[in-house]
Amino acid sequence: MLSKADALIERLRRREPKALSDLYDAYSGALYGVIVRIVPRAEVAEQVLQDTFLKAYKNIDSYDPHKGRLFTWLVNIARNTAIDALRSAPYRQQQKTDSLDILVHNPGGQSVNPDHIGLRDLVAQLDEKHRLLIDLLYFQGYTQEEAAEKANLPLGTVKTRVRQAIRELRRAFGEQTPAVLLMLLFLP
Amino acid sequence: MDVKSFIASGILEAYALGQCTPEERAQVEQMLQAHPEVRAELEAIEQALEQIAHAHAVPPPPHLKEALLERARAEAGPSTPSAVRRLGRWQSALPWAAVLLLGGALLWQVNERSRLSEQLQLLEQQVADCEKRNQQSARLQEVVALLRDPNTQAIVLSNASEEAAGKVAATVWHNSVRAETVLDINSLPAPPPGRYFQFWAIVQGKPVSMGMVQLNGEDAFQRLPFLPEAQAFAISVEDKPQGNAIPTQVLMVGKI
Chain A
1 MLSKADALIE RLRRREPKAL SDLYDAYSGA LYGVIVRIVP RAEVAEQVLQ DTFLKAYKNI
61 DSYDPHKGRL FTWLVNIARN TAIDALRSAP YRQQQKTDSL DILVHNPGGQ SVNPDHIGLR
121 DLVAQLDEKH RLLIDLLYFQ GYTQEEAAEK ANLPLGTVKT RVRQAIRELR RAFGEQTPAV
181 LLMLLFLP
Chain B
1001 MDVKSFIASG ILEAYALGQC TPEERAQVEQ MLQAHPEVRA ELEAIEQALE QIAHAHAVPP
1061 PPHLKEALLE RARAEAGPST PSAVRRLGRW QSALPWAAVL LLGGALLWQV NERSRLSEQL
1121 QLLEQQVADC EKRNQQSARL QEVVALLRDP NTQAIVLSNA SEEAAGKVAA TVWHNSVRAE
1181 TVLDINSLPA PPPGRYFQFW AIVQGKPVSM GMVQLNGEDA FQRLPFLPEA QAFAISVEDK
1241 PQGNAIPTQV LMVGKI
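First to last, the protein sequences are chains A and B.
Numbering (the working numbering) for the first sequence: 1 to 188.
Numbering (the working numbering) for the second sequence: 1001 to 1256.
Pulled out of the complex, with its shape left as it was, chain B reads as follows (with noise of 0.2 Å):
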């Protein structure tokens, strides 16, 4: 609709009397968001009007002011929580949030430092496992080594005393080309309680001791001083730890 003829129509006047259809009003808004001299023509009708309301003012009594501020106040109590109530209480809330969300926080970084440091523990845990396995693993390769080798001889040893031939039987390695003595202690039956196994090389007709058995090793095997002069191997049962300078009870031998 053309804007001049629009405006010359009256129908902005009505307008702002409130004398408009809902129809008639759609079509102001419309042409109001569409045209600024629209606009500006509305607003000059308005400030006109509003003039003459101003210029025939009367002033309520003065205790109207109160009553409806009270009424507005109750209005807006605890029967029907306002926006105003409702803004309040967020904007009250909000510290609290803060300290709620930082605390937290704090609490999820101390949690979380528990939980990286547990796992870093395991971690290091595992690094040092890996490593015990990487040397377990290189001295047995060095045993596969030696087994493999032709120069390797097998010497069993088997009981001495005649009751129990045939039931204790130890393996030793010896190689004299590599210059190696390995005890093969899966091949060892526990000692009796409170006794020990103390291992021996026979050099020209003589015990020489060559130490205590591990039986609690990490390895399945013991490495031994190599003696190039031995003749023979023996293992005896002792009452110290510490084993004793002469065999007391020789358990098993085995000529080399």
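So that you can see chain A by itself, here it is in the shape it has in the complex (with noise of 0.2 Å):
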């Protein structure tokens, strides 16, 4: 059976122009919100959105269904299109005078998804040293090795908690299966 992702995956290697509006809309706002924790600067984060969704569509062909979900493929896009802006010349010259802002920066609080309060709760419910990784690895693209130094832990102790915090989400959300389907009903 052909899952709604599936067919859109159809639709955007037959290049139809309405697949990336519907590319688009599924996943612009997860995409999003991993970029500006990557890139706080807006116009930047703007930008890198639209790189992200037109290096994704003109590319989507070489995303293998077999070797993960599409919004992985995505995500891994964003964070690297991510990276490649904020390590750009222009980019580090602006952060110097924009320094103050990123301090201010409240890192996810800049506005929230209303579909998702209820995984927005649960993943707030993590163990603080779990979250702490979650983020930096899945929403600041830190690598391991990055990620283990900033939070000064050996790199063994980060893939571990890695994967305890995963294991973690996984049963906060099986658990609230049902709600989540509920609420992924009334998604636009």
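Check before you lean on any hint, since a few could be wrong.
Stretches of chain B that chain A covers, calculated by requiring three or more beta carbons in the stretch to come under 8 Å of a beta carbon on chain A [to be verified]:
| hint | stretch |
| --- | --- |
| 1 | 1023 to 1035 |
| 2 | 1057 to 1064 |
| 3 | 1178 to 1184 |
27 Å max Cα-Cα, derived BS3-like pairs, lysine-lysine [claimed, not checked]:
| hint | chain 1 | residue 1 | chain 2 | residue 2 |
| --- | --- | --- | --- | --- |
| 4 | B | K1065 | A | K58 |
| 5 | B | K1004 | A | K67 |
| 6 | B | K1240 | A | K55 |
| 7 | A | K18 | B | K1004 |
| 8 | A | K4 | B | K1065 |
| 9 | A | K55 | A | K18 |
| 10 | B | K1004 | A | K129 |
Some chain A residues flagged as far from chain B (calculated, every beta-carbon gap over 10 Å) [to be verified]:
| hint | residue |
| --- | --- |
| 11 | A30 |
| 12 | G33 |
| 13 | Y63 |
| 14 | R87 |
| 15 | L132 |
Please keep in mind that the hints were generated in silico from the structure rather than gathered at the bench.
The beta carbon of each residue, even a glycine, is placed where N, CA and C say it ideally should be.
The two chains are supplied separately, each in an independent frame; assemble them into the complex guided by the hints.
Given below as structure tokens:
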């Protein structure tokens, strides 16, 4: 049976113009959430989001469903594009003048997707040490080595805790499944 | 590698987070293909991460979508023809290709039809020629049979007038057993312009017309009526194509 995502991928492969619009509607919020954590400057983050979708649209043929979910592929593109933007010379220049702004920036506190408040609470309930690692690795694009340094932990511990964190999330989502499904039904 | 310890190693989480080295990626992808339980585990990890991302979703500014679609359209524009356009062109070309194909087939059929009809005509012509030759050959066979018959007389018609003596001669094959008389036309000269040769048999001292000599016939010989009482044969020159009742100028005569 063809899932909704499979059907969308098929339409993207056929380069249907409407397919890009649908892809954007389905994933732009979640991807933008990751991007703004890595690149807080709005105009750069917006550029990164656009670039992410354009790259995905152009390279959809290189996406292999056997190697992972579509969203995983998209979020990796988004993260890499954001990190590239962060490292680019013009951005660094800008960053110096904006440093105050970044310090004030509150991760995850920009705006809240009301559809996902339930899930958000679940993430918030995560053990603090797990939440930090998920935040660093998933939302801020740190490598495991960088995260280990940042959290002042051995690399092996980081790896173990990431696994524990995701297990914890899976368990939490598992319990929440009916509610989550209900919420997903009301997604646009 | 043991599936359980592979899953427990945390490599799948690293994979889902995009944290693997190329070697690790290759290893994971190989395990994914080989073991459904590894696939299921990765799927669960990815779903969990995806749900976190949705939980932390930040709606981008509304104008961004239109700007993105505009950029996608611009990049798919005429400067860099994308697969969209190529596909479109290819699809719009389909009906034309069909029309061309059909037209081509029709043209070919018309050509083929006219070619076949030409061939048929040619064949019919050849069959008719063949038939004609068969008839000719049958007639020739009869003449050959006549010539081989020991009862056949070859009568040489020699010139009647003194001045042209020996110059004009014709041969007639006469066989009273078979009751056949045949004139060898090839032995005759061409008549003067506006003049015609008439063949005669002399019966009881009087000339009896046996018809005009057919110089332009299909065969090199002409079958004549058989008159058993004929004593001699003669050829006269006449001024009418249908000949005359009495010979005008007798050219040659031969006795039987």
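Checklist line | Non-conforming hints, listed in increasing numerical order | finding: Violated hints (numbers, rising): 3, 6, 7, 11 and 12; every other hint is consistent with the structure.
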